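**Q** So you can see what is in the structure, the chains are spelled out below.
There are 2 protein chains.
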Amino acid sequence: MTESLILHEDPRSGNCYKIRLTAALLGLPLETLQYDIMKGETRTPEFLANINRNGRIPVLQIGEGPNARFLPESNAACWYLASGSALIPEDRFAQADMLRWMFFEQYNHEPNVATLRFWLHFVGEANLSIQQSGQIMAKRVAGCEALRLMDEHLSRGDWMAGNSVTLADIALFAYTHVAEEGGFGLDDYPSLCRWLERVQALPGFVPMD
Amino acid sequence: MTESLILHEDPRSGNCYKIRLTAALLGLPLETLQYDIMKGETRTPEFLANINRNGRIPVLQIGEGPNARFLPESNAACWYLASGSALIPEDRFAQADMLRWMFFEQYNHEPNVATLRFWLHFVGEANLSIQQSGQIMAKRVAGCEALRLMDEHLSRGDWMAGNSVTLADIALFAYTHVAEEGGFGLDDYPSLCRWLERVQALPGFVPMD
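Top to bottom, those sequences are chains A and B.
Terminal number for the first sequence in UniProt numbering: 209, no gaps in between.
Terminal number for the second sequence in UniProt numbering: 209, no gaps in between.
Honestly, the hints are just simulated from the structure, not real lab data.
Small disclaimer: the values here were computed from a predicted structure and weren't measured.
Even for Gly, the Cβ is constructed at its ideal location relative to N, Cα and C.
Check before you lean on any hint, since a few could be wrong.
Derived lysine-lysine pairs resembling PhoX-like cross-links, with alpha carbons at most 25 Å apart [unchecked claim]:
#, chain 1, residue 1, chain 2, residue 2
1, A, K139, B, K139
2, A, K39, B, K39
3, B, K39, A, K139
Computed beta-carbon distance windows for the label pairs [as the list claims (entries may be wrong)]:
#, chain 1, residue 1, chain 2, residue 2, range
4, A, E90, B, G27, 43 to 49 Å
5, A, E3, B, D158, 51 to 57 Å
6, A, T44, B, D36, 46 to 52 Å
7, B, A126, A, G27, 40 to 46 Å
8, A, P190, B, T44, 40 to 46 Å
9, A, V123, B, F122, 30 to 36 Å
10, A, R43, B, C193, 23 to 29 Å
11, B, L48, A, E197, 24 to 30 Å
12, B, A126, A, E145, 41 to 47 Å
13, B, S4, A, G27, 40 to 46 Å
14, A, F205, B, L28, 26 to 32 Å
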């Protein structure tokens with residue numbers, strides 16, 4: 001990779017951490033530029049015009065100056081970094097199965113496990129809107145169901161897809177390992193807990209903070 | 001592709017349609033097995049044990065008998081079918097950018113545009129729970145924002161990623177072209193409307209119904 005890699009991030013975000021962890025496991029140098037999402041720093045006119053019209057981080061910037069390219073969506077940025085590496089299986093089914101768990105992460109896991117962490121740990125329950133408070137129970141149930149499904153899957157193999165660590169593990173590790181900050185107890189998911197330790201033992205692993 | 005391909009689907013689901021459209025554009029034979037999600041047919045013990053523990057369709061089944069493999073998540077199934085075809089760009093950035101829009105589809109578009117269609121067109125507003133009714137306005141705003149972002153992006157190019165049709169177009173077409181069933185007007189999005197016509201004009205295109 002000859003072009004510079006810059007991650008536009010908020011370090012408290014698990015979605016940003018996925019990209020840092022992918023780069024670390026691959027030994028890729030990655031600069032970071034930090035924004036405070038609580039202060040709306042990703043919704044400024046400059047950010048919307050130059051970095052991401054969707055007003056969200058993470059964004060992976062590839063190259064600098066007029067030829068810089070910008071890649072939003074955490075799992076797409078991980079894919080870019082890991083392209084051609086062992087973190088993406090070559091086998092056709094295993095590759096699609098890895099993506100299956102990455103889409104599961106964004107659809108079934110993140111909107112529940114990560115959102116409750118954001119609401120309860122960073123925003124604070126007292127500051128939630130009535131609409132948000134009304135969704136806590138549904139998100140709790142759906143988040144537990146996502147964790148249960150992962151635990152059941154991990155009772156039959158060491159990794160989420162294929163026979164070794166892939167981007168599916170990185171994507172799901174990010175918010176699972178801090179799920180307790182969203183009020184999710186992990187004691188009921190023993191296979192999942194052993195998998196968390198497997199990820200943390202990977203050569204090159206970096207913690208979230 | 002020598003193994004048989006069987007799609008477990010509900011034909012009213014845009015997520016299922018994505019897979020049928022991908023197969024049609026590629027000229028791949030695809031059998032279908034139909035379930036009625038309104039009757040809970042994807043939550044039976046048999047379905048959970050044999051097809052998808054997550055209790056959802058679509059599921060792409062590859063092969064039959066004891067060696068059959070099952071792939072949930074619509075966008076992952078499309079990836080499997082299109083692997084090695086022109087529907088997935090080879091260029092590293094374009095490929096990641098395609099996945100970027102597919103993750104956007106599952107995170108920003110589907111939970112708003114598709115969910116309102118399901119609630120208002122199939123379940124019926126009078127049958128929604130108080131929790132669901134309370135989310136309509138937020139989903140309306142977020143769905144319009146997703147459509148606006150697509151329209152703005154399509155004002156600068158014919159396709160969502162790269163220079164030709166890719167899986168990103170198929171994934172986003174599925175629920176966008178029936179967004180009016182969820183109460184979304186498309187007249188405000190002229191570039192998006194022209195793109196809908198471009199997709200419908202593709203050789204091999206099949207309609208949803």
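**Q** Given the proposed pairing of K39(B) with K139(A), does the C-alpha separation stay at or below 25 Å?
**A** Judged against 25 Å, a Cα distance of about 23 Å means the pair holds.
**Q** Range hint 24 to 30 Å: satisfied by the CB atoms of L48(B) and E197(A)?
**A** For L48(B) and E197(A) the Cβ distance comes to about 29 Å; the hint holds.
**Q** Note whether the CB distance of R43(A) and C193(B) lies within 23 to 29 Å or breaks it.
**A** Since R43(A) and C193(B) have Cβ atoms about 28 Å apart, the given range 23 to 29 Å holds.
**Q** Evaluate the given range 40 to 46 Å for the C-beta pair formed by S4(B) and G27(A).
**A** holds (42 Å)
**Q** Starting from K39(A), check that the Cα of K39(B) is at most 25 Å away, please.
**A** Violated, at roughly 45 Å.
**Q** Do E3(A) and D158(B) keep their Cβ atoms within the hinted range of 51 to 57 Å?
**A** violated (26 Å)
**Q** Quickly compare the C-alpha distance for K139(A) and K139(B) to 25 Å and report which way the hint goes.
**A** holds (16 Å)
**Q** CB of P190(A) to CB of T44(B), is that within 40 to 46 Å?
**A** violated (28 Å)
**Q** Do the Cβ positions of T44(A) and D36(B) conform to the proposed distance bound of 46 to 52 Å?
**A** Once the Cβ atoms are compared, 48 Å apart, the range 46 to 52 Å for D36(B) and T44(A) holds.
**Q** Does the Cβ distance between F205(A) and L28(B) fall inside 26 to 32 Å?
**A** Violated - the Cβ-Cβ distance for F205(A) and L28(B), about 40 Å, lies outside 26 to 32 Å.
**Q** Take a look at whether the Cβ-Cβ distance between E90(A) and G27(B) falls inside 43 to 49 Å.
**A** violated (25 Å)
**Q** Do the Cβ positions of V123(A) and F122(B) conform to the proposed distance bound of 30 to 36 Å?
**A** holds (33 Å)
Of the numbered hints stated above, those contradicted by the structure are hints 2, 4, 5, 7, 8, 12 and 14, listed in ascending order.
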